[in-house]
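S.K.: Here the protein sequences come in this chain order: A and B. Start counting the first sequence at 1; every next residue gets the next number (the working numbering). Start counting the second sequence at 1; every next residue gets the next number (the working numbering).
Calculated directly from the structure, the hints in this document are not laboratory data. For every residue, glycine included, the Cβ atom is placed at its ideal position computed from N, Cα and C. Be a bit skeptical, because a hint or two may be false.
Calculated cross-link-like contacts (lysine-lysine; reagent style DSS-like; alpha-carbon spacing at most 25 Å) [said to hold, decoys possible]:
#, chain 1, residue 1, chain 2, residue 2
1, A, Lys157, A, Lys187
2, A, Lys157, B, Lys201
3, B, Lys201, B, Lys100
4, B, Lys100, A, Lys187
Here are the in silico distance ranges between beta carbons for each label pair [stated by the list, open to error]:
#, chain 1, residue 1, chain 2, residue 2, range
5, B, Arg214, A, His56, 51 to 61 Å
6, A, Gly71, B, Tyr108, 21 to 31 Å
7, B, Val299, A, Leu179, 29 to 39 Å
8, A, Ile38, B, Thr302, 33 to 43 Å
9, A, Met95, B, Trp147, 55 to 65 Å
10, B, Gln42, A, Val125, 15 to 25 Å
11, A, Ala42, B, Tyr108, 36 to 46 Å
Where chain A lies over chain B, by a calculated footprint (3+ residues, C-beta under 8 Å) [said to hold, decoys possible]:
#, stretch
12, 17-25
13, 88-95
14, 199-208
15, 217-228
16, 259-270
17, 294-301
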Amino acid sequence: MFNGYRFRNFKNRLFYVLCLLCVVIAVVPLLSILYEVIIRGAPQINLNFLTADGLHGGIGPAIQGTLILIGLTSIIGIPIGILSGVYLAEFGNNMYASWMRTINDILTEFPSIVVGITAYSIIVVGLTGTFSPVAGAIALSFMLVPVVARTTEESMKLVPNNVREASMALGAHRWRTILSVVLPSAKGGLITGTLLAVARVAGETAPILLTILGSSYYFQSFSQPMDALPLRIFLNSRLPQPELQAQAWGASLVLILMVLALNIGVRLASRGRFSR
Amino acid sequence: MAKQLSRDSIFQILTAVIAASAAAVLILNAYVLITGSGTVLQRFGVGFLTGTNWNPVVGRESFGVFPYVLGTLLTSGIALLIGVPLSLGIAIFLVEMAPKVVRVPLSYLVELLAAVPSVIFGLWGLFVLRFWILDYVEVPLNTYLGWIPIFSGAPFGLDFLTAGVILAIMIIPTVASVSREVISAVPDSIREGAYGIGATKWEVIRHWVLSYGRSGIFGAVILGLGRAVGETMAVTMVIGNAVGPTAMPLTLFQPGQTLPSLIANGFLEAPNPLEKSAYVGAGLVLLLISLLINIVAHVMVTRVLKVKGGAVE
Numbered sequence: 001m002f003n004g005y006r007f008r009n010f011k012n013r014l015f016y017v018l019c020l021l022c023v024v025i026a027v028v029p030l031l032s033i034l035y036e037v038i039i040r041g042a043p044q045i046n047l048n049f050l051t052a053d054g055l056h057g058g059i060g061p062a063i064q065g066t067l068i069l070i071g072l073t074s075i076i077g078i079p080i081g082i083l084s085g086v087y088l089a090e091f092g093n094n095m096y097a098s099w100m101r102t103i104n105d106i107l108t109e110f111p112s113i114v115v116g117i118t119a120y121s122i123i124v125v126g127l128t129g130t131f132s133p134v135a136g137a138i139a140l141s142f143m144l145v146p147v148v149a150r151t152t153e154e155s156m157k158l159v160p161n162n163v164r165e166a167s168m169a170l171g172a173h174r175w176r177t178i179l180s181v182v183l184p185s186a187k188g189g190l191i192t193g194t195l196l197a198v199a200r201v202a203g204e205t206a207p208i209l210l211t212i213l214g215s216s217y218y219f220q221s222f223s224q225p226m227d228a229l230p231l232r233i234f235l236n237s238r239l240p241q242p243e244l245q246a247q248a249w250g251a252s253l254v255l256i257l258m259v260l261a262l263n264i265g266v267r268l269a270s271r272g273r274f275s276r
Numbered sequence: 001m002a003k004q005l006s007r008d009s010i011f012q013i014l015t016a017v018i019a020a021s022a023a024a025v026l027i028l029n030a031y032v033l034i035t036g037s038g039t040v041l042q043r044f045g046v047g048f049l050t051g052t053n054w055n056p057v058v059g060r061e062s063f064g065v066f067p068y069v070l071g072t073l074l075t076s077g078i079a080l081l082i083g084v085p086l087s088l089g090i091a092i093f094l095v096e097m098a099p100k101v102v103r104v105p106l107s108y109l110v111e112l113l114a115a116v117p118s119v120i121f122g123l124w125g126l127f128v129l130r131f132w133i134l135d136y137v138e139v140p141l142n143t144y145l146g147w148i149p150i151f152s153g154a155p156f157g158l159d160f161l162t163a164g165v166i167l168a169i170m171i172i173p174t175v176a177s178v179s180r181e182v183i184s185a186v187p188d189s190i191r192e193g194a195y196g197i198g199a200t201k202w203e204v205i206r207h208w209v210l211s212y213g214r215s216g217i218f219g220a221v222i223l224g225l226g227r228a229v230g231e232t233m234a235v236t237m238v239i240g241n242a243v244g245p246t247a248m249p250l251t252l253f254q255p256g257q258t259l260p261s262l263i264a265n266g267f268l269e270a271p272n273p274l275e276k277s278a279y280v281g282a283g284l285v286l287l288l289i290s291l292l293i294n295i296v297a298h299v300m301v302t303r304v305l306k307v308k309g310g311a312v313e
């Protein structure tokens with residue numbers, strides 16, 4: 001009876017419904033998060049909230065701090081990541097490269113708080129003796145570089161070999177071929193992946209918690225504590241005052257808009273390029 | 001000619017040196033954690049791993065990470081228990097069932113979940129999910145099944161269970177996208193052969209597709225475990241932050257602590273070098289757990305995907 005055609009067919013249907021249910025269950029938290037952030041965050045948004053400093057009920061310093069961190073991290077992390085990726089893609093046919101590849105994979109999954117401890121011990125305590133935007137940016141670069149390297153390698157490997165051969169047949173040397181022909185051909189995937197990585201790093205909290213400390217004031221110098229959106233959200237969420245908790249929701253709306261805009265924009269722009 | 005050749009080698013050497021930055025970062029991390037935790041390890045030895053106290057009072061110092069290791073394993077375990085079946089369902093639906101029109105938008109939605117910063121997951125967990133779990137899961141379970149030890153206690157909403165559920169949601173994008181790769185890497189000839197002998201879709205997936213992709217899916221699960229173990233902010237915000245012997249997991253409905261949340265909560269406030277060293281020691285234990293998990297995952301996933309040679313993420 002339990003192996004009859006009708007029962008098997010029933011099991012098949014049931015399984016279909018269960019899988020569909022899984023997708024629905026996974027989408028519920030996403031929609032709920034977006035809903036709550038908008039409903040609770042939107043009433044907070046006004047000019048004063050976006051521009052005033054922490055003493056006057058605003059998150060201006062946090063927005064500014066996040067932008068500074070994104071900028072500094074990109075300046076430090078992207079060139080290193082891309083050049084590492086170039087090596088792995090173009091000269092990566094040896095033991096050394098495969099070790100570096102494995103290490104990159106490990107670093108991609110590194111616990112972010114450990115990166116925070118390392119940056120704190122080396123830069124905040126060891127080198128500069130102070131919490132600073134630079135320490136934060138270096139901590140975030142630790143997380144950005146492996147992802148960018150990976151992306152670069154993957155997108156350069158998609159460039160067909162005839163492109164390289166054509167360039168070399170014209171008399172270009174290998175470094176020239178790589179920099180002027182292969183990299184530009186891999187541009188699409190490279191930019192997409194890099195921007196997605198930057199968006200992910202921009203929302204990281206644990207590494208900057210231990211390196212930039214937080215501040216109520218606008219950026220003062222590269223050797224003083226600074227604020228950032230994720231940090232402000234975390235710090236405000238643990239305060240008892242409802243109006244400060246409400247600020248955390250407002251800051252979340254700003255952060256999520258930045259991150260999601262980058263994500264959706266990049267994916268729409270690159271649509272078709274990666275769809276299999 | 002010789003000059004040009006050397007420019008090529010200069011370029012190659014330059015990029016090779018930059019690629020070594022990965023190794024440098026890894027070594028740097030290991031160095032900081034090992035030297036930083038030296039003080040506490042010398043003083044307490046194995047007791048640091050097995051102890052349950054966290055007492056910074058001068059003269060009565062005692063530091064042990066055992067409760068937080070258990071807390072980390074417990075919350076990650078809950079995350080896998082809930083997150084893995086959901087992720088597999090999603091992956092199977094996306095590869096084997098979904099009509100082409102909804103496939104791309106749906107996978108975007110699932111991947112968008114990965115784009116939400118973890119601190120926002122935490123905020124949502126603290127003010128929204130906490131009450132869902134408290135009202136619809138913890139209170140009923142506690143009322144009717146409270147005699148089972150893991151469901152005893154006074155439900156409060158900020159505890160191991162909520163932290164585990166948040167982690168389950170956060171690992172879904174990782175596990176689902178790797179499983180999706182693995183499932184689409186199963187050759188169609190396997191499916192065709194199975195359909196050919198009259199199997200239904202469910203039977204094809206269960207007996208052929210999943211068993212063919214077994215080790216890759218195992219790798220995906222381990223990768224999710226790695227994520228869950230290292231996740232900091234969301235957990236810190238919902239786990240209740242117990243310290244010392246009270247953090248020993250006895251029931252699901254009690255405030256607890258994981259290794260990352262312990263560090264995030266206390267590291268900066270630690271007043272003396274010994275306590276700071278204890279936090280670094282907790283970081284070292286966390287790193288070792290996470291390294292072990294990631295190496296296993298790496299071996300499992302690459303072994304399967306090597307055939308296909310695509311990016312996993």
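S.K.: Against each hint, give a clear statement of whether it holds in the structure.
M.R.: Now for the hints, and whether the structure bears them out:
no.	hint	in the structure
1	A:Lys157 with A:Lys187	12 Å, holds
2	A:Lys157 with B:Lys201	36 Å, violated
3	B:Lys201 with B:Lys100	17 Å, holds
4	B:Lys100 with A:Lys187	28 Å, violated
5	B:Arg214 with A:His56: 51 to 61 Å	59 Å, holds
6	A:Gly71 with B:Tyr108: 21 to 31 Å	28 Å, holds
7	B:Val299 with A:Leu179: 29 to 39 Å	35 Å, holds
8	A:Ile38 with B:Thr302: 33 to 43 Å	41 Å, holds
9	A:Met95 with B:Trp147: 55 to 65 Å	59 Å, holds
10	B:Gln42 with A:Val125: 15 to 25 Å	20 Å, holds
11	A:Ala42 with B:Tyr108: 36 to 46 Å	24 Å, violated
12	17-25	holds (count 7)
13	88-95	holds (count 6)
14	199-208	holds (count 5)
15	217-228	holds (count 3)
16	259-270	holds (count 5)
17	294-301	holds (count 4)
When held up to the earlier numbered hints, the structure conflicts with 2, 4, 11 and fits the remainder.
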